[in-house]
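Protein chains: 2
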Amino acid sequence: MPNETSITFIGSGNLAWHLAPALEKTGYGINAIYSRDLTNAAALAKRLKNCIAVDHLDFSSSPSSIFIVAVPDKAIGTVAKQLKLNKDAIVVHTSGTTAMEVLGSFKNRGVLYPLQTFSKNKKIDFSSVPLFIEASNDYSKTIIATLAQSVFEKHCYLSSEKRSQLHLAAVFSCNFNNHMLHMAKNIADSNDIPFQLLAPLVQETIDKAFDIGPENAQTGPAIRLDHTTMDAHKAMLEDNPELKEIYITLSHHIINQNKAQ
Amino acid sequence: MPNETSITFIGSGNLAWHLAPALEKTGYGINAIYSRDLTNAAALAKRLKNCIAVDHLDFSSSPSSIFIVAVPDKAIGTVAKQLKLNKDAIVVHTSGTTAMEVLGSFKNRGVLYPLQTFSKNKKIDFSSVPLFIEASNDYSKTIIATLAQSVFEKHCYLSSEKRSQLHLAAVFSCNFNNHMLHMAKNIADSNDIPFQLLAPLVQETIDKAFDIGPENAQTGPAIRLDHTTMDAHKAMLEDNPELKEIYITLSHHIINQNKAQ
Numbered sequence: 005m006p007n008e009t010s011i012t013f014i015g016s017g018n019l020a021w022h023l024a025p026a027l028e029k030t031g032y033g034i035n036a037i038y039s040r041d042l043t044n045a046a047a048l049a050k051r052l053k054n055c056i057a058v059d060h061l062d063f064s065s066s067p068s069s070i071f072i073v074a075v076p077d078k079a080i081g082t083v084a085k086q087l088k089l090n091k092d093a094i095v096v097h098t099s100g101t102t103a104m105e106v107l108g109s110f111k112n113r114g115v116l117y118p119l120q121t122f123s124k125n126k127k128i129d130f131s132s133v134p135l136f137i138e139a140s141n142d143y144s145k146t147i148i149a150t151l152a153q154s155v156f157e158k159h160c161y162l163s164s165e166k167r168s169q170l171h172l173a174a175v176f177s178c179n180f181n182n183h184m185l186h187m188a189k190n191i192a193d194s195n196d197i198p199f200q201l202l203a204p205l206v207q208e209t210i211d212k213a214f215d216i217g218p219e220n221a222q223t224g225p226a227i228r229l230d231h232t233t234m235d236a237h238k239a240m241l242e243d244n245p246e247l248k249e250i251y252i253t254l255s256h257h258i259i260n261q262n263k264a265q
Numbered sequence: 005m006p007n008e009t010s011i012t013f014i015g016s017g018n019l020a021w022h023l024a025p026a027l028e029k030t031g032y033g034i035n036a037i038y039s040r041d042l043t044n045a046a047a048l049a050k051r052l053k054n055c056i057a058v059d060h061l062d063f064s065s066s067p068s069s070i071f072i073v074a075v076p077d078k079a080i081g082t083v084a085k086q087l088k089l090n091k092d093a094i095v096v097h098t099s100g101t102t103a104m105e106v107l108g109s110f111k112n113r114g115v116l117y118p119l120q121t122f123s124k125n126k127k128i129d130f131s132s133v134p135l136f137i138e139a140s141n142d143y144s145k146t147i148i149a150t151l152a153q154s155v156f157e158k159h160c161y162l163s164s165e166k167r168s169q170l171h172l173a174a175v176f177s178c179n180f181n182n183h184m185l186h187m188a189k190n191i192a193d194s195n196d197i198p199f200q201l202l203a204p205l206v207q208e209t210i211d212k213a214f215d216i217g218p219e220n221a222q223t224g225p226a227i228r229l230d231h232t233t234m235d236a237h238k239a240m241l242e243d244n245p246e247l248k249e250i251y252i253t254l255s256h257h258i259i260n261q262n263k264a265q
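Taken in sequence, the protein lines are chains A and B.
Plus 4 on top of the position in the first sequence (first one is 1) and you've got the numbering used here.
Plus 4 on top of the position in the second sequence (first one is 1) and you've got the numbering used here.
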């Protein structure tokens, strides 16, 4: 890793929180953390060596050659407009859905999209996280790929269009999956059943899905058209109309998908 | 394990397929497999020692002292009416949602509900599966608990009412979770992105849910009220109205649940 390479993070959220220290460990220097809220920037900066916290976007005299924009999607465009850099600097964002071209005013631009869910209070092992990259030119691509290799086990090149599709798939397999677990936990909690007892079932569900394919792994009342059980479940959800609606919608969809296969 | 204890399975589906050989391994004798379709019964019987396949329910002269009814929920009542047994035999069903009282005509009755998803083409390690039992009397409870201990690592006593709630939680955390993975795979497949690349994300999602609780683990566009991304996703689902509806319903529910917390 080129010791002289210095990075600035624009944003101090969940991803920056984990990625900045990981990059520092491999030899990159993290020069600055920007946040609109200086307290947030400082909280991350103090986890790093020789790193300053800033709340302005004028980096025209910064020593950093790579700027990682890790802010909410809707803020990327605004940040890009305000960001002042040395013209040779590379700017990447880390969004799944936002096109690389939101950074169109920078010659050397790219994307660094780690396919993972980050929470500040849960450590992450980047070496098992697949990274999807994009770059505006060969120079940027080389620099981004070098950075990728230093922390992530594997990286793939993916267009903005396909990356947004991948992000949509991630919402289903991560956010919606987590929500299903949340609903299951609510039901377990209401009945004094420890949620942890569901862990082997959930682990087997995902092992099976990645082993034989989710389209071959479905079990339960919907796929076997067991209306007796589905009716009993709907009756149990009578006092929670929103959840009952979700139960009905998903059960119908499982049945319809199975017909279509 | 009492070598003289002989078991008959009523049903030859996914659960019987895995549980019958597992019980045989611990010293139980599996005497007979019943299925309406003799071919199905025979397919399982031939995986076992000295086991016959039958398509009738008159077991009045059977050497079995335990009968495990592992048929679809809606068939349990019908089977219970037709089943002829020695009056001291124990009859258990394996359903999550069906009350034990569907077996009310048998003095020694119970339930053996393994909280797991079973597919014939995927091996299962019962020692990590939590088992929920119920029994009509102490005699049955002792016999059922002995059987439970022989194959399952842990078992808990749970009433019919709470068991049906647990089963509902299982539908959310297993069947609906698998369906989310199915939808994610469809999106990945349509874009030539290997589904396996989503495995670390999904593993981290469930690790985090059981580590810090799903209510503390949610990420993604809905929880951060990122309407830019949600609108982009909805636009991408324009030609799949059913899936778009699921996306909208679940996103709203994530937002509402978060408000309610």
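Check the hints yourself; a few may be wrong.
Identical copies go unnamed one by one, so any copy, or any two together, can satisfy a pair.
Stated by the list, open to error - Once the Cα atoms are required to be at most 27 Å apart in a straight line, the calculated DSS-like pairs of lysine-lysine come out as: (1) 126 x 111; (2) 29 x 78; (3) 91 x 126; (4) 29 x 248; (5) 53 x 29; (6) 238 x 263; (7) 166 x 248; (8) 88 x 166; (9) 166 x 85; (10) 248 x 78; (11) 248 x 263; (12) 238 x 78; (13) 124 x 158; (14) 111 x 248; (15) 78 x 263; (16) 248 x 238; (17) 126 x 248; (18) 158 x 91; (19) 111 x 124; (20) 158 x 50.
Because the hints were derived from the structure by calculation, they are not lab data.
Hint check results:
With identical chains, the CA atoms of residue 126 and residue 111 are never at most 27 Å apart, being 36 Å at best within one copy and 52 Å at best between copies. Neither within a single protomer nor between protomers do residue 29 and residue 78 lie at most 27 Å apart by alpha-carbon distance, with minima of 30 Å and 59 Å respectively. In this assembly of identical chains, the alpha carbons of residue 91 and residue 126 never lie at most 27 Å apart, being 37 Å within a copy and 56 Å across copies at closest. For the identical chains of this complex, residue 29 and residue 248 are neighbours neither inside a copy (48 Å) nor across copies (42 Å), given an alpha-carbon limit of 27 Å.
Taking identical chains as interchangeable, the C-alpha atoms of residue 53 and residue 29 lie at most 27 Å apart only when both belong to the same chain, with a minimum of 10 Å there against 59 Å between chains. In the homo-oligomer, the alpha carbons of residue 238 and residue 263 lie at most 27 Å apart both inside one protomer (22 Å) and across protomers (24 Å), since each shortest distance falls under that limit. Taking identical chains as interchangeable, the C-alpha atoms of residue 166 and residue 248 lie at most 27 Å apart only when they sit on different chains, with a minimum of 18 Å there against 34 Å within one chain. In the homo-oligomer, the alpha carbons of residue 88 and residue 166 never lie at most 27 Å apart, since the shortest distance is 29 Å inside one protomer and 61 Å across protomers.
Taking the shortest Cα distances, residue 166 and residue 85 sit within 27 Å of each other inside one copy (25 Å), while across copies they are farther apart (57 Å). In this homomeric assembly, residue 248 and residue 78 come within 27 Å of each other (Cα to Cα) only across copies, at 21 Å, whereas the closest approach inside a single copy is 33 Å. For the homomeric pair residue 248 and residue 263, the shortest alpha-carbon distances inside one copy (23 Å) and between copies (19 Å) are both at most 27 Å. In this assembly of identical chains, the alpha carbons of residue 238 and residue 78 lie at most 27 Å apart only when taken from different copies (16 Å versus 38 Å within one copy).
Proximity of residue 124 and residue 158 under a CA criterion of 27 Å is satisfied intra-copy only: 23 Å inside one chain copy versus 34 Å between copies. In this assembly of identical chains, the alpha carbons of residue 111 and residue 248 never lie at most 27 Å apart, being 51 Å within a copy and 36 Å across copies at closest. Taking identical chains as interchangeable, the C-alpha atoms of residue 78 and residue 263 lie at most 27 Å apart only when they sit on different chains, with a minimum of 21 Å there against 39 Å within one chain. In this assembly of identical chains, the alpha carbons of residue 248 and residue 238 lie at most 27 Å apart whether taken from the same copy (6 Å) or from different copies (23 Å).
When the C-alpha separation of residue 126 and residue 248 is checked against a cutoff of 27 Å, the pair qualifies neither within a copy, at 32 Å, nor between copies, at 31 Å. In this homomeric assembly, residue 158 and residue 91 never come within 27 Å of each other (Cα to Cα): the closest approach is 29 Å inside a single copy and 64 Å across copies. Proximity of residue 111 and residue 124 under a CA criterion of 27 Å is satisfied in neither setting, with 33 Å inside one chain copy and 56 Å between copies. In this assembly of identical chains, residue 158 and residue 50 lie within 27 Å of each other by CA distance neither inside one copy nor across copies; the values are 29 Å within and 46 Å between.
Consistency with the previously given hints fails for numbers 1, 2, 3, 4, 8, 14, 17, 18, 19 and 20, ordered from lowest to highest.
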